[in-house]
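For this one, chain A is given, so just place chain B on it according to the hints.
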Amino acid sequence: GAVVSQHPSWVICKSGTSVKIECRSLDFQATTMFWYRQFPKQSLMLMATSNEGSKATYEQGVEKDKFLINHASLTLSTLTVTSAHPEDSSFYICSAIAGEGNQPQHFGDGTRLSIL
Amino acid sequence: GEDVEQSLFLSVREGDSSVINCTYTDSSSTYLYWYKQEPGAGLQLLTYIFSNMDMKQDQRLTVLLNKKDKHLSLRIADTQTGDSAIYFCAERGTGRRALTFGSGTRLQVQP
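Same order as they appear, the protein sequences are chains A and B. For what it's worth, this note's numbering labels the leading residue of the first sequence as 1, then goes sequentially. For what it's worth, this note's numbering labels the leading residue of the second sequence as 1001, then goes sequentially.
One or more hints might be untrue.
[Claimed, not checked] Simulated restraints on C-beta separations:
hint, chain 1, residue 1, chain 2, residue 2, range
1, A, LYS41, B, ALA1077, 43 to 53 Å
2, B, ASP1054, A, GLY16, 50 to 60 Å
3, A, LYS66, B, PRO1111, 38 to 48 Å
[Claimed, not checked] One-sided and incomplete, this derived list gives chain B residues near chain A with beta-carbon spacing under 8 Å:
hint, residue
4, TYR1033
5, ALA1041
6, GLY1042
7, LEU1043
8, TYR1048
9, ILE1049
10, GLY1082
11, PHE1088
12, ARG1097
13, ALA1098
14, LEU1099
15, SER1103
16, GLY1104
[Claimed, not checked] Just a sample of chain A residues kept apart from chain B, beta carbon distances all over 12 Å, derived:
hint, residue
17, LYS14
18, GLU63
19, LYS66
20, THR78
21, HIS85
Please keep in mind that the hints were generated in silico from the structure rather than gathered at the bench. Just so we're clear, the structure is a prediction, and the values are computed from it rather than from any experiment. C-beta atoms are modelled at their ideal positions from N, C-alpha and C, and glycine is treated no differently.
Excised from the complex, chain A in its bound form (with noise of 0.2 Å):
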């Protein structure tokens, strides 16, 4: 059970290009989704936060126009990074959250973006 599926798993596209990430719950009901990004080498950094039906919050530095986060449904988020550039070239991962209680993350197994 808890299984987060994530698509693309990698993409590579020209610069200029924007690029949309589908993070879903499959078996379970996420009101709480998570978006990161990896640097190579490094820890997981917290882009923003997704909840259900209302808007993201970002954390500090993370520029909320150039990473659009909208989740639509309780088992369906997506991250659109908008006019994509060599710098946007990342690891991004989502996790899910079901439920409201202390439940765990869950997360996806990664998109890997290049941008040329």
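Relative to chain A, chain B alone:
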């Protein structure tokens, strides 16, 4: 703010026990987690412990928590080559749903 620290690298021989250590600063931490990340993959939840517990054992994994010293450890018994990965310690403070992660410990298991 909250801070979580781990040693960067650990090398053990197959069959030995591995102990990965973690320290944290948030005294309000309610839950502490261990995640495993294999190359190019997401994070797999291994185990977690509530802050009022001292120890939790799950098959080959043993988690020890010293709340006074804010020290958490993960012991892997009979370490196998398939255990080679990066292990992240993470904590969750009171009233927060987001996690604070350590830098990760790369475990290398030599045959």
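Hint by hint, work out which the structure violates, then give me just those numbers in ascending order. 1, 9 and 10
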